[in-house]
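Given the structure of chain A, go ahead and fit chain F onto it with the hints provided.
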Amino acid sequence: MTISLSIFIPFIAAIFVPFLYKRIQSRKIGWFVLLVPLLLFVTLASFIPSIAKGETYTHTFRWIESAGIHFTTYLDGLSLIFGLLITGVGSLVILYSIYYLSERESLGRFYVYLLLFMGAMLGVVFSDNLMVLYVFWELTSISSFLLIAFWYHRKKSRYGAQKSMLITVSGGIAMLAGFIMLHTMTGTYSVREIVVTIGQYTDEPLFVFAMLLVLLGAFTKSAQFPFHIWLPDAMEAPTPVSAYLHSATMVKAGIYLVARFTPIFGGEMTWFYIVSSVGIFTLFWGSFNAVKQTDLKALLAYSTISQLGLVMSLFGLGSAALNEGHSANSIIYAQATFAALFHLINHSTFKGALFMVVGILDHELGTRDVRRLGGLMAFMPVTFSIALIGSFSMAGLPPFNGFLSKEMFFESLVNARNLELFDVGTMGTIFLIVAWLASVFTFVYSMIIVFQTFFGEFQPERIEKPSREAPFGMLLAPSILAILVIGIFFFPNSIGNYLLRPAMAAVYPTLEGAEGLTPQIVAWHGFNSPALLMTIGVIILGAVLYKFYRYWRGIYTIAPMTWNLDAAFNANLILLEKASHFFTRLYMKGYLKDYLVYIFSFFIVVVGGAIVYTGSYTFDFSNDAPVTANEYLIVLAMAVAGLSMLFAKSRMTAIILNGVLGYSIAFFFVVFRAPDLALTQAVVETVTTALFLLCFYFLPDWKKERSPIGTKVLNGLIAFAAGTIVTVLALTVQGNKMFESISVYFEDSYQLAGGKNIVNTILGDFRAFDTMLEVVVLFIAGIGVFTLIKLKTRKEGQDFEDQ
Amino acid sequence: MKINDVILQTVTKIVVFIILTFGVELFLSGHNNPGGGFIGGLVLSSAFVLLYLVHDIDTVHKGIPFDFKKIAALGAFLAVGTGIGSVLFGKHFLTQAAGHFNLPVFGETELSTVLVFEAGVALTVVGVVVTIISTISEDV
Chain A
56 MTISLSIFIP FIAAIFVPFL YKRIQSRKIG WFVLLVPLLL FVTLASFIPS
106 IAKGETYTHT FRWIESAGIH FTTYLDGLSL IFGLLITGVG SLVILYSIYY
156 LSERESLGRF YVYLLLFMGA MLGVVFSDNL MVLYVFWELT SISSFLLIAF
206 WYHRKKSRYG AQKSMLITVS GGIAMLAGFI MLHTMTGTYS VREIVVTIGQ
256 YTDEPLFVFA MLLVLLGAFT KSAQFPFHIW LPDAMEAPTP VSAYLHSATM
306 VKAGIYLVAR FTPIFGGEMT WFYIVSSVGI FTLFWGSFNA VKQTDLKALL
356 AYSTISQLGL VMSLFGLGSA ALNEGHSANS IIYAQATFAA LFHLINHSTF
406 KGALFMVVGI LDHELGTRDV RRLGGLMAFM PVTFSIALIG SFSMAGLPPF
456 NGFLSKEMFF ESLVNARNLE LFDVGTMGTI FLIVAWLASV FTFVYSMIIV
506 FQTFFGEFQP ERIEKPSREA PFGMLLAPSI LAILVIGIFF FPNSIGNYLL
556 RPAMAAVYPT LEGAEGLTPQ IVAWHGFNSP ALLMTIGVII LGAVLYKFYR
606 YWRGIYTIAP MTWNLDAAFN ANLILLEKAS HFFTRLYMKG YLKDYLVYIF
656 SFFIVVVGGA IVYTGSYTFD FSNDAPVTAN EYLIVLAMAV AGLSMLFAKS
706 RMTAIILNGV LGYSIAFFFV VFRAPDLALT QAVVETVTTA LFLLCFYFLP
756 DWKKERSPIG TKVLNGLIAF AAGTIVTVLA LTVQGNKMFE SISVYFEDSY
806 QLAGGKNIVN TILGDFRAFD TMLEVVVLFI AGIGVFTLIK LKTRKEGQDF
856 EDQ
Chain F
336 MKINDVILQT VTKIVVFIIL TFGVELFLSG HNNPGGGFIG GLVLSSAFVL
386 LYLVHDIDTV HKGIPFDFKK IAALGAFLAV GTGIGSVLFG KHFLTQAAGH
436 FNLPVFGETE LSTVLVFEAG VALTVVGVVV TIISTISEDV
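Going line by line, the protein sequences match chains A and F. FYI, in the working numbering the residues of the first sequence are 56 to 858. FYI, in the working numbering the residues of the second sequence are 336 to 475.
Chain A extracted, bound-state conformation (with noise of 0.2 Å):
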């Protein structure tokens, strides 16, 4: 119950905000919104004693029953970790971005979307049933576009947030698919209940397809390559919202995906394979990638690419467990699993710091170019610190927490490798040569964001503000980070017993309990352990190349490193519009009558052809009431009114005669003793004739249409159908009763609904869920109408430009 609440918290303090914002109107706001992710936090956080005991917890609210989609939220430790990182890291970016917003900001439209997407961002990890796990997961994508849009003046905000939009939102839409395959298979859309059935299902012809559809939308939520382009565009946000959106939040939901579903697909080499090899490649890519930056948020943007490939080949590499049974081998692979979730919270503190770092520079020095930047050691000694503290816990060094992770990183590749997994060719070698090369360039880019901006010589004229320390605010969130990425080098286990022990259970649930799944984690292997054999290698090549990086960055313009995905995919999305503008210019004529030929056509198509294909119109007409004079009578002069309508001389001639149709049908329920539809239509007719009056300034002047004979002849014929199927259509339905009535149902409305009028009880008690959309459909309808008249006349002449 505690969870479901969490998730929904932030959507209500939402609506709050902007009440909130009007009264005060100043960065004060911030220390209230800061309260809702602290108060998530501690909460959280007072789950972690009995999470870290096995307990977990799930909390459901019926939803739609028949569908099997119920609003079910799932707490183990998995969910946990995410959840504390959603919330502590939110918490602290809030603060941060008290001090660095200016108050001449929309402060309040920028909490309200913060708010939402840390909403949406909790129901992700902690929803239970597939369906809600969607909705959320593309509320992410939804409120993350309008972070990135934030200066949406700017061309390039504009640009990034619709380009991490198309690519997540792509992904998610494949995702969907996927989640519809397992339900097909399965029949539950309940991940618990599929982890628990998965094995009798692997061999069905959809399982792979669900899991490439599913792994779709992970690597294109978490930006693996080839996805990872919309990241460093993305960055145009503002900088609190890349430290959330990218050190803990929405590339992580990628990360979560995979982590979650590790117990249903993780058992098939296939996801071993595509994980394991997307991941190392996104990590040496990014990472190589990242080198070549002088924008200090691009570089970091290629370096969250590049760890979250190092995390995603760690799940990959440790999805093997499964595939193994209960041996020995399967710990030893379930260690990389354990590396990775580690490694995950390490990256979020020390990525986080940096963000914070890059955007002090930014805020003070007006620049973020590492050309401009140097010799800031001086000036800026405790952003100095927190960078350094932050750069080398990225490269992996001693004492701060990405050596330790680092560590574990090589030894699961090391010890990947002497298993018979990857003795198919030399796959296990290569795999450890390229993370290895990656970890140099991580190394190399690590100490360009330390030396090239806090050591050498102080440009002034370079860079746009007078230089000087942060206000100790804005240092406050960073500083607490790079505290926990020392802390947690020296206190690993106490992460490692209460928060990673039930995480690895929720992805191993069929190993839980096993010996050693849950390594102790230590700092000092010795000297003969490979893996600080290689920490050792990344430093000295790391150092060399950083020397000489003026040598060999020649490398960046030989032919494969030009080839550039961005132009790829701008043009296809240059050449979607064309082809789209083209397909839609050959339809849309603007003319409504050229459209109701359309209409009718495809009516007169599908429904005549079903008719006539399946030979199932029957005319039965025995248990008929006899029509009297009086209905004679109706329908003679609607008639009458539809005929004249053709010859009529003036417009208001024909509206007038369109009422008289509509007032016969309300004398139709008339003699058919409904009079809650004729009074309604009644109402309707009246209302909609003196709108049409209105709209009668508008309209060009009544004039009689000169067209080609055949085209008359064309719209009669088509007229004439539409009319003959409908008509065949009423009398074959009156004919065929393949169920039974259901009127018999609503009969009983006094018993079932407390009212006596049938009518009435079906739209407020039966079908309230279809009358309540109608009513919001209806105020939709009424404020496009306000906005299409009241904005035009406004809007004129005031363009929106480029920036």
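Because the hints were derived from the structure by calculation, they are not lab data. Among the clues, some could well be false.
Stated by the list, open to error - Each computed DSS-like pair below joins lysine-lysine, with the alpha-carbon atoms no more than 30 Å apart: (1) Lys633/A / Lys211/A; (2) Lys347/A / Lys210/A; (3) Lys648/A / Lys811/A; (4) Lys648/A / Lys704/A; (5) Lys348/F / Lys404/F; (6) Lys758/A / Lys704/A; (7) Lys347/A / Lys602/A; (8) Lys845/A / Lys397/F; (9) Lys811/A / Lys426/F; (10) Lys347/A / Lys648/A; (11) Lys404/F / Lys845/A; (12) Lys405/F / Lys845/A; (13) Lys77/A / Lys405/F; (14) Lys767/A / Lys704/A; (15) Lys845/A / Lys210/A; (16) Lys348/F / Lys426/F; (17) Lys210/A / Lys767/A; (18) Lys404/F / Lys77/A; (19) Lys845/A / Lys644/A; (20) Lys644/A / Lys767/A; (21) Lys397/F / Lys77/A.
For chain F alone, kept in the frame of chain A given last:
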């Protein structure tokens, strides 16, 4: 175009009240007799439409100073809100409840949550119809 139709204006003054009363009656009696939120709302809005037709927009706005967009929003909110309300009591979404109460003036009266839901429908209908008509006519 200047309209100054004294007879129509005088008649309207009386008729509007009859229509409004009828609309409320339709709305309230909806659950057991012909009527309900949708028709009630439509009848109410037809009264407003009549006012708009007879007087000009500014006069009507002075007399009825509501923002009809907000009324429509309130209606939609009520309709969705009653649905969520039942969830808070652990029932299915949109479950309605009814009960008989002995009220001081009305005597034995049936009260049900459907009434709130229907009120939402009615308010949305009124709000939307009047919004559409007044925006279109203001644009002239």
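message = Which constraints among the numbered hints does this structure fail? Numbers only, ascending.
response = 3, 10, 16, 17
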